[in-house]
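Novice: Sequence:
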Amino acid sequence: MSEPVPSVTFPPAFLWGAATSAYQIEGAVREDGRTPSIWDTFSHTPGKTAAGETGDIAVDHYHRYREDVALMAELGLTAYRFSISWSRVQPTGRGPAVQRGLDFYRRLVDELLAHGIKPAITLYHWDLPQELEDAGGWPERDTAFRFAEYARLVGEALGDRVEQWITLNEPWCSAFLGYGSGVHAPGRTDAAASLRAAHHLNLAHGLGTSALRSVMPARNSVAVSLNSAVVRTVSQDPADLAAGRKIDDLANGVFHGPMLRGSYPRTLLEATSPITDWSHLRDGDLEAIHQPLDALGLNYYTPTLVSAASSADASTRRADGHGLSDHSPWPGADDVAFHHTSGERTEMGWSIDPTGLHELIMRYTREAPGLPLYVTENGAAYDDKPDPDGRVHDPERIAYLHGHLSAVRRAIADGADVRGYFLWSLMDNFEWAYGYGKRFGAVYVDYATLARTPKSSARWYGRAARTGALPPLED
1 MSEPVPSVTF PPAFLWGAAT SAYQIEGAVR EDGRTPSIWD TFSHTPGKTA
51 AGETGDIAVD HYHRYREDVA LMAELGLTAY RFSISWSRVQ PTGRGPAVQR
101 GLDFYRRLVD ELLAHGIKPA ITLYHWDLPQ ELEDAGGWPE RDTAFRFAEY
151 ARLVGEALGD RVEQWITLNE PWCSAFLGYG SGVHAPGRTD AAASLRAAHH
201 LNLAHGLGTS ALRSVMPARN SVAVSLNSAV VRTVSQDPAD LAAGRKIDDL
251 ANGVFHGPML RGSYPRTLLE ATSPITDWSH LRDGDLEAIH QPLDALGLNY
301 YTPTLVSAAS SADASTRRAD GHGLSDHSPW PGADDVAFHH TSGERTEMGW
351 SIDPTGLHEL IMRYTREAPG LPLYVTENGA AYDDKPDPDG RVHDPERIAY
401 LHGHLSAVRR AIADGADVRG YFLWSLMDNF EWAYGYGKRF GAVYVDYATL
451 ARTPKSSARW YGRAARTGAL PPLED
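Each residue of the sequence shown is one higher than the last, beginning at 1 in the UniProt record's numbering.
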């Protein structure tokens, strides 16, 4: 058990950031040469998103980015993580870049740097160009090579001014929610295809890392952001422990195995052998994937509680990677049951447990010694509403942030090399299949007018960023 940290202060160089993704905030889906991504297609398909809502306008960041950067500076943020819209830069997913698309990101980077905010680029946050999906998408090997070409184009354009790069955000969601359960774009339900997609995402990461390094200064950092699960079992019964191992393989080992160790877990290959023969894993792939990383991004929201299916109770439901759903994105895990975890919950239904973040950080401190870590996503959705005076008070989010940032500080005290925290999210936005019904932002967005209003949590977090210490909850 860690000793209490007497003063919740952070190292002077610690990055205080916020994060977003292109499709969730940019809008302008038909401007400057951009073509549809799989999320454009998916969100325009009846029944796929809440109320049929789309990211066509989102929060119009494409036209309001200067206002948004000024707001970041006002709050005191020192870093901003955003993603590139692949189909804005390379509309068909292949061939030369469209300079008008790259120009938007050049302007955004320049604006951030002018305000003293460090940009961190994520190359892929789930928005595959639709033409590549039409050619087979991530289950097809060629998509990994197209990603490497895209990575090189963006690295050439922005690598002189952006030092922090992330290849993929949560490839688990891209593979298993997109191609397994179908609750994310492109909405396919094929277990074998989801496993092929996972491998080709791994390959894309490795090839993309090499492509970035071939065109960028050596000082730049290349990382990946994983939503690695904190898997817990309902008991120490051998059957429950075996269930936990299986989900750990499918949630974590399937990506960090080849990325960090150069191999897939043997138990993963065995568990999924009835679904695929892994013939898509070719000679040289693991060497291509296993590129040395400069850092590792960890996204955390809630722990995962499992048991063997034989010990499941009536309340058991399937897990979707961040929380619970009725869909099954876990190939080869039909003998595993998922359980609701106890405690307070966010509007997503996810239990609030900061100890899971500490546990996750310490796991990778042990498994990847010497590798710097960043919390690249952490946050909560609440039913935020303006008061009659127009202010938005969200004490629940402040308590959430205080708890999770305290967990990060405990991990640092325990020897973890955590160099930054990126709040999810900077502002309310399009929350994928949930549409606009879930508000994760520290900044409230009135979707009718698109006016931005910092919530009380934004002011609290900004004070933490400016002082390097967590303000008291009563503030």
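Read the hints as simulated data drawn from the structure, not as lab findings.
Careful: at least some of the hints might be erroneous.
To be verified - Once the Cα atoms are required to be at most 25 Å apart in a straight line, the calculated DMTMM-like pairs of lysine to aspartate or glutamate come out as: (1) K385 x D60; (2) K118 x E156; (3) K118 x D142; (4) K385 x E396.
Stated by the list, open to error - What follows is a list of derived Cβ distance ranges for each label pair: (5) E367 x G343: 24 to 34 Å; (6) M362 x I275: 31 to 41 Å; (7) T267 x T467: 39 to 49 Å; (8) R261 x R100: 18 to 28 Å; (9) D387 x S210: 29 to 39 Å; (10) P96 x D335: 17 to 27 Å; (11) R391 x E287: 29 to 39 Å; (12) D134 x H393: 41 to 51 Å; (13) H63 x A114: 14 to 24 Å; (14) A135 x T189: 34 to 44 Å.
Quick reminder that beta carbons are idealized off the backbone N, C-alpha and C, glycines included.
Novice: Determine for every hint whether it applies to the structure shown.
Specialist: We went through each hint and held it up to the structure:
The hinted pair formed by K385 and D60 meets the criterion: a straight-line CA distance of about 20 Å does not exceed 25 Å. For the hint pairing K118 with E156, the CA-to-CA distance comes to about 18 Å; that is within 25 Å, so the pair holds. Taken as a hint, the K118 and D142 pair is broken in the structure, with Cα atoms around 33 Å apart against an allowance of 25 Å. Of the supplied pair hints, the one linking K385 and E396 holds, its CA atoms being roughly 13 Å apart against a limit of 25 Å.
Checked against the given bound of 24 to 34 Å, the beta carbons of E367 and G343, roughly 27 Å apart, stay inside it. Checked against the hint of 31 to 41 Å, the pair M362 and I275 passes, with Cβ atoms roughly 32 Å apart. In this structure the supplied range 39 to 49 Å holds for T267 paired with T467, their Cβ-Cβ distance being about 46 Å. Here the CB-CB span from R261 to R100 is close to 41 Å, at odds with the stated 18 to 28 Å.
Range check, D387 to S210: Cβ separation about 52 Å, and the 29 to 39 Å hint is violated. Restraint check, P96 to D335: a C-beta distance of roughly 49 Å breaks the suggested window 17 to 27 Å. At roughly 55 Å, the beta carbons of R391 and E287 sit outside the given window of 29 to 39 Å. Evaluation of the 41 to 51 Å hint for D134 and H393 yields a pass: the beta carbon distance comes to about 47 Å.
In this structure the hint that H63 and A114 lie 14 to 24 Å apart at CB holds, the actual value being about 18 Å. For the pair A135 and T189, the beta carbons lie near 19 Å from each other, so the given range of 34 to 44 Å is not met.
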